[in-house]
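**Student:** One-letter residues, chain by chain:
Protein chains: 2
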Amino acid sequence: MAISLLSSILYSHFTMSAASTVVSITVFITLLCVCLVIGHLLEENRWANESITSLLLGLCAGLVTLALRKWKSSHILVFDEELFFIYLLPPIIFNAGFQVKKKRFFRNFSTILLFGVFGTLISFCIISTGSFFLLKEIGITSLKIQDVLAIGAIFSATDSVCTLQVLNQEETPLLYSLVFGEGVVNDAASIVLFYAVQSLNFNNIDALTALKLLGTFLYLFSTSTALGIAVGLVSAYIIKKLYFGRHSTNREVAIMLLMAYLSYMLAELFSLSGILTIFFCGIIMSHYTWHNITERSRVTTRHAFATMSFISETFIFLYVGMDALDIDKWKRSDGNLGTTVATSGTILFLVMAGRAVFVFPLANVANCFRNEPDAKIDLRKQFVIWWAGLMRGAVTIALSYNQFATGSSSKQGAFFVTNSIIVVLFSTVVFGTVTKPIIQALLSQNSKSPNSEDNAVSNLDDIHLLFLENRRANEDGNNTRSSLGMLLMNPTSTIHQFWRKFDDKYMRPVFGGRGFMPYVPGSPSSATEDNV
Amino acid sequence: MAISLLSSILYSHFTMSAASTVVSITVFITLLCVCLVIGHLLEENRWANESITSLLLGLCAGLVTLALRKWKSSHILVFDEELFFIYLLPPIIFNAGFQVKKKRFFRNFSTILLFGVFGTLISFCIISTGSFFLLKEIGITSLKIQDVLAIGAIFSATDSVCTLQVLNQEETPLLYSLVFGEGVVNDAASIVLFYAVQSLNFNNIDALTALKLLGTFLYLFSTSTALGIAVGLVSAYIIKKLYFGRHSTNREVAIMLLMAYLSYMLAELFSLSGILTIFFCGIIMSHYTWHNITERSRVTTRHAFATMSFISETFIFLYVGMDALDIDKWKRSDGNLGTTVATSGTILFLVMAGRAVFVFPLANVANCFRNEPDAKIDLRKQFVIWWAGLMRGAVTIALSYNQFATGSSSKQGAFFVTNSIIVVLFSTVVFGTVTKPIIQALLSQNSKSPNSEDNAVSNLDDIHLLFLENRRANEDGNNTRSSLGMLLMNPTSTIHQFWRKFDDKYMRPVFGGRGFMPYVPGSPSSATEDNV
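Those protein sequence lines, which keep their order, are chains A and B.
Okay, so the first sequence: first residue is 1 according to UniProt numbering, each after it adds one.
Okay, so the second sequence: first residue is 1 according to UniProt numbering, each after it adds one.
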């Protein structure tokens, strides 16, 4: 009796759809816990990382579900663009901005833009042109020009999530800031390209189309950045004014969290790039807002934001792994095994070629403007940059669903969705597995150099100490060279000096920031941070 | 051109439903930020609190939406049971368990159970019987016996969320632990009662029905508690074994968060009471798991969990406020203004009467078993307990929707939903506003007593200091009375001593906990905590 009463309680408490929500949430949370434990145990292992663990665990879980349902359907949750773009991506990108080493990021800003914008454009052109000619050879002739361009945009989106796990900010700071910074700009660039391709009218293409695309991109880039900076500054101002003398840790943390998310949602609302907006909002928050809150709030935000991002990352890979075994999709696809392998192989080849074509030339272009010998991107580093950006991830799958799966139930659509999944799985598992050993092998002599003080900067106290030391070193340093001469000699670092002066004089008094500590630029301290 | 391209990007990026999701999330997050700021500014105000602020702000926002849509519809989000039970309630209850002062809670455990279980049953009977007779007088004659019993269960659910904001754990510890502890048990009891009423077959009621209900309740209570304790212990064991010597703050925080949520979802999956489960999971986690993690993880979990709970609370009240102006519901309701006011008034009267009937007698029953003069619940405290439990909140609305709004579009259903909303709004705003002043007026002499050391215990360092002092005090204290004599003299405190011995000998060596610090019970330290 108790049991029948209970089962009737179950079904009245939640409707059928809600009951299945409970089941799928339970399964996902259990798998997440398992991923965390396995990831921790494998941390010392040079081949594995959390992305690969969760991808493989997702595959296994999908297989088990498939077997339990007698090979009929595997998906507990179908891949959902909304879930991905509204809930999972924002914490990851926000945390990246919040934890990024700002000095290094902005010192490499021009190189990052070069890779992120022109690199993505070059990669888009190569992959589009390549698939236009090569896919015909395989026997896929029914592709429209729009589909080909969409494929170019879809496979130009690198996976910044996996990059974060493979490269280490402490061990290889220059590479990390270049590859990850490129990844953020690339996300925005490829998403903008994709939606631009979808919205263009291909019946009357003229010379203006390319110009319009460029204009849209520049407009989106500048407005998104401005919005992120504005929201970040508002949060700093609110917390500085409101909490003066009377702090409430919960409210401070809540305000930071909510305003960061608000910046992303506002960007989406105004159809800007939410990724860029929340990234810059994170940077501003760590530069101003974070210094206005209590010590306990600082520790909490640092670790709580990192944890949220960590859970989202693991969830995404688990999700992609489980989604890969969605049997309906494989059945609907019209390609036989040979065509599928050929197509995936072609796309993978184009991805590698498209990235090679821009990384090596652009790195040499960038080297012309990088004067310090330490800052040069040598051939080894170029190789690592090329390799670390080959992985494709959830953005690729989300865009591919958007182009090929929504609305139409065509066989060709299902065929390209399965190919996207194959490319993502293969690149993440195979490229991802060998990346760590490759980096270690190529850069082993550098990481052992006595100059890598960054290894020591592992907790907040150390960072504070470092700042104090820098400051002392700065005060001893000379500051006699003329500004104009320096601007010509070393443009990035001079802009940085002007920015510091402006920041100290106008920004920090209004928005707070590290205790108005006077900062004297142009000193040996510049050298202590950027030696990879 | 750029704008038309952009608008086409907007509509291709998100489908229409997703675009409306973006709008509603943006509105809600903006309102949450405003609530936080206003709540902070009003903190010193004796009349206002965050619940009332967000409720009123939600009402205003609903009004603006209504005006913008030309008085056609107000809801941006319709009240959704799933959102409430799956996402908003768990963090609140978990945090309550995690932050509750365990000693005080368990010392008052028998009193809490008395209020929570028998009190809820008495209140249920009074409200059901009362509405059976009184609603006929008003002119509502078509109520089925099941509806009347459901009304009893729906309005027996007190609002533990609002209670948390009105009472202060530091200032009035005994009252806080009694009222809040009762609230948690009451949540479980009224939800169990409600689903039991829904599932009973009213065609053949016999004497066994009441017995079955009691059996179900006891079964649910014990299994839910056991599940929460089990998951909490597993989390402590995993973190103790896995992270020994090598800590990762992100993984520790993520494991605690995920396992807590897992306990809730498992309880829902096995159709137990998720609220009870996650509450006990929180208690176990703060007793064992929390002591196994790094100092940084401790600060992060304390504040991150509190922030999550805080955001959920504010969100719920905002949500209820906005939902109240849902014009469709008001139109569908068949009652005229007079009937509506009369019904709401009757229900409010029954709520007050039903609570008075059990609080005062049960408090006197409890006093018979409370030997120390400090621990007695005098008439003033009884009045506060009665008053602080009068507020009705989101659980009432969620259950009311479940009973009256799902499936049927009947006029009577809409009528009772609107009445529930009126009761919730009125009790929260009116009773909530006067609660703080009433408590201050009634208990002013107590809170000024020099014994209230608890005020000082506001941060973690102080707690550590306090424990060290207690320990020293304990070692000086006498421990000569016989165990049996003490069990008869003071049963709760003796059980507590046995538990401490068991904990030190068997539990802590396996599951971790405050550094195996030897604890000698039966000493002056017991007195330092419970003087209200």
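One thing to keep in mind: the hints can contain errors.
Calculated pairs, DSSO-like style, for lysine-lysine (alpha carbon to alpha carbon, straight line, at most 30 Å) [stated by the list, open to error]:
1) A:K240 to B:K376
2) B:K331 to B:K103
3) A:K241 to B:K102
4) B:K331 to A:K436
5) A:K212 to A:K376
6) A:K331 to A:K381
7) B:K241 to B:K436
8) B:K436 to B:K376
9) B:K102 to B:K411
If you want a taste of the chain A side facing chain B, the calculated C-beta under 8 Å gives, among others [said to hold, decoys possible]:
10) R251
11) L348
12) M352
Please keep in mind that the hints were generated in silico from the structure rather than gathered at the bench.
Nothing here was measured: the structure is a model prediction, and the numbers come from that model.
Glycine is no exception: its CB is placed at the ideal position from the N, C-alpha and C atoms.
**Student:** Going through the numbered hints above, which ones does this structure break? Give me the numbers in ascending order.
**Tutor:** 1, 2, 3, 4, 5, 6, 7, 9, 11, 12
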